[in-house]
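These two chains come separately, so use the hints to put the complex back together.
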Amino acid sequence: MSRISEVFRNKKHKALIAYITAGYPDVEATVQAALTLAESGCDIIELGIPFSDPMADGLTIQHSSHLALLNGVTTETCFEIAGRIRNRSDVPLVFMTYLNPVMSNGVESFCADCAATAVDGLIIPDLPPGELPELDSSAKKHGVDTIYFVAPNSSGERIRLVARRSSGFIYMVSVIGVTGVRDGFSTGLGDVISKVRQVTDIPLCIGFGVAAPQQAAEAVALADGVIIGSRIIQLMEKEGPPYRELGEFIKQVRTSIDGAGA
Amino acid sequence: MFPDENGYYGEFGGRFVPETLIPALDELSAAYGKYREDPGFLSRLSGLERDYSGRPTPLYHAQMLTKYCGGAQVYLKREDLAHTGAHKINNALGQGLLAEAMGKRRIIAETGAGQHGVATAAVCSMLGQHCIVYMGEEDVQRQSLNVFRMKLMGAEVRPVSSGSKTLKDAINEAIRDWVSNVSDSYYLIGSVVGPHPYPLMVRDFQSVIGRESRLQVVEKCGRLPDYIVACVGGGSNAMGIFHPFIQDNGVALIGVEAGGCGVPTGKHAATLAAGRTGVLHGARSYLLQDDGGQVLETHSISAGLDYPGVGPEHSYYRDRRRVKYVTAGDEEALEAFQLLSKLEGILPALESSHALAHAIKLAREMDKSNLIVVNLSGRGDKDVHVVAGALGVEL
Chain A
1 MSRISEVFRN KKHKALIAYI TAGYPDVEAT VQAALTLAES GCDIIELGIP
51 FSDPMADGLT IQHSSHLALL NGVTTETCFE IAGRIRNRSD VPLVFMTYLN
101 PVMSNGVESF CADCAATAVD GLIIPDLPPG ELPELDSSAK KHGVDTIYFV
151 APNSSGERIR LVARRSSGFI YMVSVIGVTG VRDGFSTGLG DVISKVRQVT
201 DIPLCIGFGV AAPQQAAEAV ALADGVIIGS RIIQLMEKEG PPYRELGEFI
251 KQVRTSIDGA GA
Chain B
1 MFPDENGYYG EFGGRFVPET LIPALDELSA AYGKYREDPG FLSRLSGLER
51 DYSGRPTPLY HAQMLTKYCG GAQVYLKRED LAHTGAHKIN NALGQGLLAE
101 AMGKRRIIAE TGAGQHGVAT AAVCSMLGQH CIVYMGEEDV QRQSLNVFRM
151 KLMGAEVRPV SSGSKTLKDA INEAIRDWVS NVSDSYYLIG SVVGPHPYPL
201 MVRDFQSVIG RESRLQVVEK CGRLPDYIVA CVGGGSNAMG IFHPFIQDNG
251 VALIGVEAGG CGVPTGKHAA TLAAGRTGVL HGARSYLLQD DGGQVLETHS
301 ISAGLDYPGV GPEHSYYRDR RRVKYVTAGD EEALEAFQLL SKLEGILPAL
351 ESSHALAHAI KLAREMDKSN LIVVNLSGRG DKDVHVVAGA LGVEL
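Protein chains in written order, with my numbering: chain A, 1 to 262; chain B, 1 to 395.
Just so you know, the hints here were simulated from the structure itself, not pulled from any lab data.
It is possible that some hints are incorrect.
Claimed, not checked - The calculated lysine to any residue pairs, modelled on SDA-like cross-linking and capped at a C-alpha distance of 25 Å, are: (1) K34/B to N153/A; (2) K165/B to L67/A; (3) K267/B to N71/A; (4) K195/A to K34/B; (5) K267/B to D184/B; (6) K140/A to G292/B; (7) K34/B to G156/A; (8) K195/A to A30/B; (9) K267/B to L67/A; (10) K195/A to P23/B; (11) K165/B to P25/A.
With the rest of the complex left out, here is chain B (with noise of 0.2 Å):
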């Protein structure tokens, strides 16, 4: 299984950090290896995710979508129905219980759109950690909602002026944080990117939703499921509901990335289409980055999917054709946004509409005996601004 022992899949992976920062991702290791098969860490694990994120989430057979499509059947798992409105609360409790058996009380986290640094500043709340986020600047002012929300839930955002003043900014800052503070840091990150372990803890804390999905899927329609479609920035929602079906070659898996405005045009952040081997926020992996190695500043309508960069167990997968990745655009994301509201009265969130977008085409080829899967990540209020805007809606 991988990674193998020093962070690889395949080639990708690794510990690409200054050196202040290995001893740091030594102890982490060891503490992860050491919680990650303790009962009582995750007896408490799971009954948090039980009693505080309200797990397991739904797998709802979306029957109005599926007759509007007119062929595959299509399931959605419902983490937009999971505690601050995303997947990210599950890795959020992870990794906030894991920095509270180490003792360390001065939490650090990233964040682009916000849903990672409200799942962590309701985390750090809870746990009573003070908890940190590094905002690109560009991004507090797109989300000044989730700014709101997360000062309300007690933790300080710092807005991130350098750069492009987007998520990939705000990392690097909460890295320099890190570096500086790392004796009584703990560096929350929020997907499955980043120097090893947090590729594998993320993937590990977000596989809850492939589990469940599996039981349900099982439960309600006495097999596996065909395809499963899920949306990929860095990756953590896409590898949380893949990882447990890797093995089931049945299953075909699809990640879609963000087209923006298309690919050629070269404003979009399809990383694993247009990308090459690189290295950033200390993985190598696939990056969007200029002949010279510069890393290329991104677009797309979904903030949760604006990043160059993405998880190296992703760029495994790709090159070994296990997950196959597509894209869909910034106009396929507003019309699966759109039909889903219309049709099931669920306001999906923007980086999730990626994925409906691409399962919406594949079910209409398919006919009704096959079956999706599409894991809706997050819910869409947030994006409900946005969507006006790109819509020409005064609000």
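Next up, chain A with everything else stripped away, as it sits in the complex (with noise of 0.2 Å):
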């Protein structure tokens, strides 16, 4: 069972995942920031890798990323990051790309990589299943995650596809659009929910706009977790290390789902 299934075994628990980009504000802070994510209840860490051309990505994650790479950040730079938080912590690490860095790397020795530092699993949003099988069999072959997503207008037959090609969880977008902090979902979620729901019981997490607890909690309440991302690189944006604010919010979202789930 992979250390990302481990987490969502017990059926009544929750998944909160977080986003930090990597590299962002600089790559001692994202090993903080992840370190503190997880102490203060976070199940899995999404590691941004940053890309020059961020097309799913709205203005908070865009700007991260562009400064991160400002930063010299390199696909090595994140590798090293996300061994450097494996050495302290045993939280879930996936990465989150676009596959021109993954390609460019070379797939299957970017999934070696991967096993060999430890990550988990893949989330990249420029990559719809089916459209590069290698991708697939070389995260098989190395232990490695897929995650693809299920947009709120996907038909039966993409989701049946996701739910094919997906193992870890599924990511679930709210709502028609770009990453952002955003005030609800898409009217028909819990629609499509059902729909994967009769399909699969890969555990689906949402994300895209998540931005409060009490918006966390409506979440779970629909899936098996939730994803935060813009939220976090916002409050990163306040304070520096340890963020403790950071850590803060993240206790309270998990007492928020908890309290959901519960």
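Here it is in structure tokens:
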């Protein structure tokens, strides 16, 4: 059982997943932020490998990615950061990046490096399932989970494809749009989720636009976990390590979703 | 014939987009599959090509230029005479009509130099569609005249301040808008790039250039040309004139990329000369990128060629060696710009000047029985400020 699947073994425990950009605001701070997040109640850390052209991201993550690249962060730096987090924590780590840095590295060697660094999964928003089968086979060979997206407008056929190709969990996009802080979810999200539930028992986590503890609770009422990204980057803009306020925020979210699940 | 059913040209192409866009691409493929063979749609398109765009554009025997070169006969396909001043109108018209047929009234487009933005603004105005054009902040500054032209035609121009603030960032922003407004919006992409079916559709709508050229050259010269030369940024004018000749192995096809300050300097936009396979803006193709897969910033004196990617079908023809891709630099383009202005009284776009620069070299090496067709993809009025600046002339 993968480190990610372990998180979802107890059905009553809802997963809290946090996104940070590797190398934002700098390498040391990223490691610190990840440890704070893990200690405050996050179950999985999504580590963003910055890309020059992040077309699925809103302004907040565009900005953090841009600054990380200006800091000279490369894919190798991201593996180093992952390694340093892994040395100090068992929290499952997932890389979130765009396809080009992965392809540039070589899909097979990228997956091998993930396994060697104990990175547990991959989220690639510009790679729809089935478009690059060699990524699925390399990831599988190296025991790295492939996390694909279901969107609120996904057809039944797409949902079945996502379910077939995904492992670890499925990323349920809460809104039609890009990443970024928002107030609510797409109407009809519940309907899509029930369609997914009919075809697979892979855990389902809701992300995009989740910013407040109450919203996180609403998400886990519908799904197995919730993903918070832009809100975390915004909090990181306001303070430095050891990220006490960020830790407090995560604890509030944890309490809120544990209350919802109970 | 390429692409295959999944939108691949060999290993290039595909659909590398967020899942939210997959239903939109499926809908678009289905609609295009239906309308590309629909007699009503096609007759409306060809009627507007004639009456609105001014097609067919002439094939002009440039006798003064030919005499100057002292070699092959040089013919110019005059896309500069099409409405709005460039070949971009062909695609804007085709896709605008498709959007109308699909019932989408909000049109999103990106633009670099502004030619595709202007063409889209014109078509949207004529079809009564709401037009939003994303344009990098740098380009908004450099091309203020085109910004004003778009606004006069009723388009909303949104400056993009992310990344390098140029065309590639405008495309990112247009895609983000499309992801967010996918149910009521149509993304009218301006070149043979992007996810399937865009490279196919744009090729089809631009192929009118090559179909006309074929008839015209046979009528005037009694045979097919020896060479066809066109500039390549994303590659739409080149694909448009090349595609109807792809099966004619006797016709050599030459794509000219922007060599900028010279490929070894790194300040260029010669994707097929200096790039390697990658994924940007929804397709797998050659891409200018660093060792870590970050997309590089490019340079060309011509904003329309200043793009780090290229259409996937061009990548395919490069690897299959069906098309030969070469480069022409800023200086060569400037020289060709001045030469055509002086010899023929035609101001070519700086993009097209790259094709001309190479064609002139080629013509000199050949004899007068040889035939070269150059795609004069746009007119150069928009570039007069840039040319004056480069020549140190104050206007």
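Here is how each hint holds up against the structure:
no.: 1; hint: K34/B to N153/A; verdict: holds, 23 Å
no.: 2; hint: K165/B to L67/A; verdict: holds, 15 Å
no.: 3; hint: K267/B to N71/A; verdict: holds, 22 Å
no.: 4; hint: K195/A to K34/B; verdict: violated, 30 Å
no.: 5; hint: K267/B to D184/B; verdict: violated, 40 Å
no.: 6; hint: K140/A to G292/B; verdict: holds, 23 Å
no.: 7; hint: K34/B to G156/A; verdict: holds, 23 Å
no.: 8; hint: K195/A to A30/B; verdict: holds, 24 Å
no.: 9; hint: K267/B to L67/A; verdict: holds, 23 Å
no.: 10; hint: K195/A to P23/B; verdict: holds, 16 Å
no.: 11; hint: K165/B to P25/A; verdict: holds, 22 Å
Hints 4, 5 from the list above are not met by this structure, while the remaining hints are.
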